[in-house]
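Turn these sequences into a full structure, and let the hints steer you where they fit.
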Amino acid sequence: MASSIRVRANATGDITEVQALIQHPMDTGLVKDSKGELIPAHFIQELKFECNGKDVFVANWGTAVSKDPYVKFSFKGAKKGDELKISWTDNKGASDTTTAKIA
Amino acid sequence: MKRTLPLAMLLALGLASAARAANEADYKAAFAAAEAAAKEAASLRHQWTTTVSTLATAKKAADGGDFDRATAAAKEAEALAKASIFQATSEKEAWKAMEIR
Amino acid sequence: MKARFSLQLGSVSAALVAFALTSAHVVAADKVDPVADAKAFQNFFFQKFPDVKHEDFVNGPYSMNEDMKRQWQEKEEFPPYEFALDAGKEMFATPFKNGKTYADCFPNGGIGIRQNYPYFDEREGKVVTLELALNRCREANGEAPYSYVKDEMASLTAYMAFTSRGKPMDIKIPDDPRALAAFENGKRYFYTRRGQMNFSCAGCHVQSPGERIRAETLAPALGILNAMPIYRSEWSGMGTTSRRFVTCNSQTRAVPLEPQSDEYRDVEYFLSYVANGLPISGPGARP
Chain B
21 MASSIRVRAN
31 ATGDITEVQA
41 LIQHPMDTGL
51 VKDSKGELIP
61 AHFIQELKFE
71 CNGKDVFVAN
81 WGTAVSKDPY
91 VKFSFKGAKK
101 GDELKISWTD
111 NKGASDTTTA
121 KIA
Chain D
1119 MKRTLPLAML
1129 LALGLASAAR
1139 AANEADYKAA
1149 FAAAEAAAKE
1159 AASLRHQWTT
1169 TVSTLATAKK
1179 AADGGDFDRA
1189 TAAAKEAEAL
1199 AKASIFQATS
1209 EKEAWKAMEI
1219 R
Chain X
237 MKARFSLQLG
247 SVSAALVAFA
257 LTSAHVVAAD
267 KVDPVADAKA
277 FQNFFFQKFP
287 DVKHEDFVNG
297 PYSMNEDMKR
307 QWQEKEEFPP
317 YEFALDAGKE
327 MFATPFKNGK
337 TYADCFPNGG
347 IGIRQNYPYF
357 DEREGKVVTL
367 ELALNRCREA
377 NGEAPYSYVK
387 DEMASLTAYM
397 AFTSRGKPMD
407 IKIPDDPRAL
417 AAFENGKRYF
427 YTRRGQMNFS
437 CAGCHVQSPG
447 ERIRAETLAP
457 ALGILNAMPI
467 YRSEWSGMGT
477 TSRRFVTCNS
487 QTRAVPLEPQ
497 SDEYRDVEYF
507 LSYVANGLPI
517 SGPGARP
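Residue numbers (the working numbering), protein chains in the order written: chain B, 21 to 123; chain D, 1119 to 1219; chain X, 237 to 523.
If you're looking for bench data, these hints aren't it; they were derived computationally from the structure.
Keep in mind it's a predicted model, so treat the numbers as computed, not measured.
A few of these clues could be false.
Said to hold, decoys possible - Straight-line distance between alpha carbons at most 35 angstroms, and here's what the computed DSBU-like set of lysine-lysine pairs gives:
id, chain 1, residue 1, chain 2, residue 2
1, B, K96, X, K333
2, X, K305, B, K100
3, B, K96, B, K52
4, X, K311, B, K74
Claimed, not checked - If you want the ones that stay clear, here's a sample from chain B, every Cβ over 10 angstroms from chain X, calculated:
id, residue
5, R26
6, R28
7, A40
8, Q43
9, I59
10, E70
11, V76
12, F77
13, D88
14, K99
15, D102
16, T119
Glycine residues also receive a C-beta, built at the ideal position from the N, C-alpha and C atoms.
Right, here's the structure in full:
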């Protein structure tokens, strides 16, 4: 089962740039299906990036984030070869996690 | 003065008939005309979405007993359908003016 | 007397010859000439936008706007169509219930052939698009056809486009009056105004590329299908050529035709042919 998280992290000196694409419906709960019934809200509530035991990026999301969210950010204090851990949990209690090496 | 009197009567008559509310028969006639025009537009594969939705509005108003609104919508639908037919026929030649040569 | 008569005869025959020459010219002007049409089409855009590299036209609005292009190039590092592409690859490799696969229906196992579609099927006498060929493959192998406007067809065509990325569009028009008629039909559809808004495809994509329609920047018609299928942010998902034709029609307040109806197949034929030589850039990402 392929991970829902695609991630790329590149270090240039002290700065690491991270890009991630996460597969998730991010339903707002406001849209109706073809039968006219509301599709229940289903969205990532917390997204976390950890490196060397520290949280480097934590997002608390709601329904305003679109389907299949893409995230890009930079942080200091890591180097090539360090491991980056990414995890998310959603409002239905589902979660996913993956790790990637900083290139 | 003498000439204007019959004219005034004619005008009054005309105005009076316009002021009469539409009845079911008016609606049915208008709707039939609109439907016929819409059918022709569809056969030309040039139907407008607004023609279809206005026809639906007319029918809904008629089902609710509002024949004034229903007839007005039916007449509008007919006008839209006829405009789309005009578009289809005039575009048969008009498109060439746009062509990159 | 004789001299005058021969002079008269001479002038009459001269007039006849002149008439014959002019009538031949008039007849030639009415003949369908896709080669000339394609050349004129490409030259129109090359001259209108001399700073745009020829192969860049296939990138639609990004060829018209530097800022949008920069943002798009950044996104291409991690494109939004990745999931659909992976799904399409998996679907393509999965056998049907009878054990056969899509590879059995297509030349070269379906890999690197997208640039040859649509083609004119001389046996059937009609244009066959990639989407149509995929569904025919499914039906020939006992599977239900996919909707032309939903995710599955978009994922499949995304994968097939990806295997052809960079290859030049290579549409053939056989010397068959029916093929020429299909080309001409597609061309006519492209330039004809429709819908209550009275727009033609050309009105936006020939007259106004790089301009705005509400908040969107318009793409040039040249190479507009080379990036299909596309992930549209507007759709929050992947969409096929069929989907785009249908939604474009309704946006001009024209009742859309059935996906893969003759007009749509013909306009796809026309637009693809006039882009011959320009690279396949699909699957694409658009606003």
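A quick look at each hint next to the structure:
1. Of the pairs offered as hints, the one joining K96 of chain B and K333 of chain X is violated, with about 53 angstroms between alpha carbons and a cut-off of 35 angstroms exceeded.
2. This hinted pair checks out: K305 of chain X and K100 of chain B have alpha carbons roughly 30 angstroms apart, not beyond 35 angstroms.
3. Distance restraint check for K96 of chain B and K52 of chain B: the Cα-Cα separation of roughly 43 angstroms exceeds the 35 angstroms cut-off, and the hinted pair is therefore not satisfied.
4. Distance hint between K311 of chain X and K74 of chain B is fulfilled; the C-alpha atoms sit about 28 angstroms from each other, no more than 35 angstroms.
5. The Cβ of R26 of chain B does not lie farther than 10 angstroms from every Cβ of chain X; its closest approach is about 7 angstroms, which violates its non-interface assignment.
6. Here R28 of chain B does not stay apart from chain X, with its beta-carbon only about 7 angstroms from theirs, under the 10 angstroms limit.
7. Distance check for A40 of chain B against chain X: the nearest CB is about 8 angstroms away, which does not clear 10 angstroms, and the non-interface claim fails.
8. At roughly 5 angstroms, the least C-beta separation between Q43 of chain B and chain X is not larger than 10 angstroms, which violates its mark as non-interface.
9. In this structure I59 of chain B is separated from chain X by more than 10 angstroms, as the shortest Cβ-Cβ distance comes to about 13 angstroms.
10. Residue placement check: E70 of chain B keeps its beta carbon more than 10 angstroms from all beta carbons of chain X (closest about 20 angstroms).
11. With a minimum CB-CB distance of about 18 angstroms to chain X, V76 of chain B clears the 10 angstroms threshold, and the non-interface call stands.
12. With a least beta-carbon separation of about 16 angstroms from chain X, F77 of chain B lies farther than 10 angstroms from that chain, consistent with its non-interface assignment.
13. The Cβ of D88 of chain B sits about 6 angstroms from the closest Cβ of chain X, inside the 10 angstroms cut-off, so the non-interface label is violated.
14. Distance to chain X confirms K99 of chain B as a non-interface residue, since its nearest Cβ pair spans about 21 angstroms, more than 10 angstroms.
15. Distance check for D102 of chain B against chain X: the nearest CB is about 20 angstroms away, which clears 10 angstroms, and the non-interface claim stands.
16. For T119 of chain B, the requirement that its beta carbon stay farther than 10 angstroms from each beta carbon of chain X is met, with the minimum near 18 angstroms.
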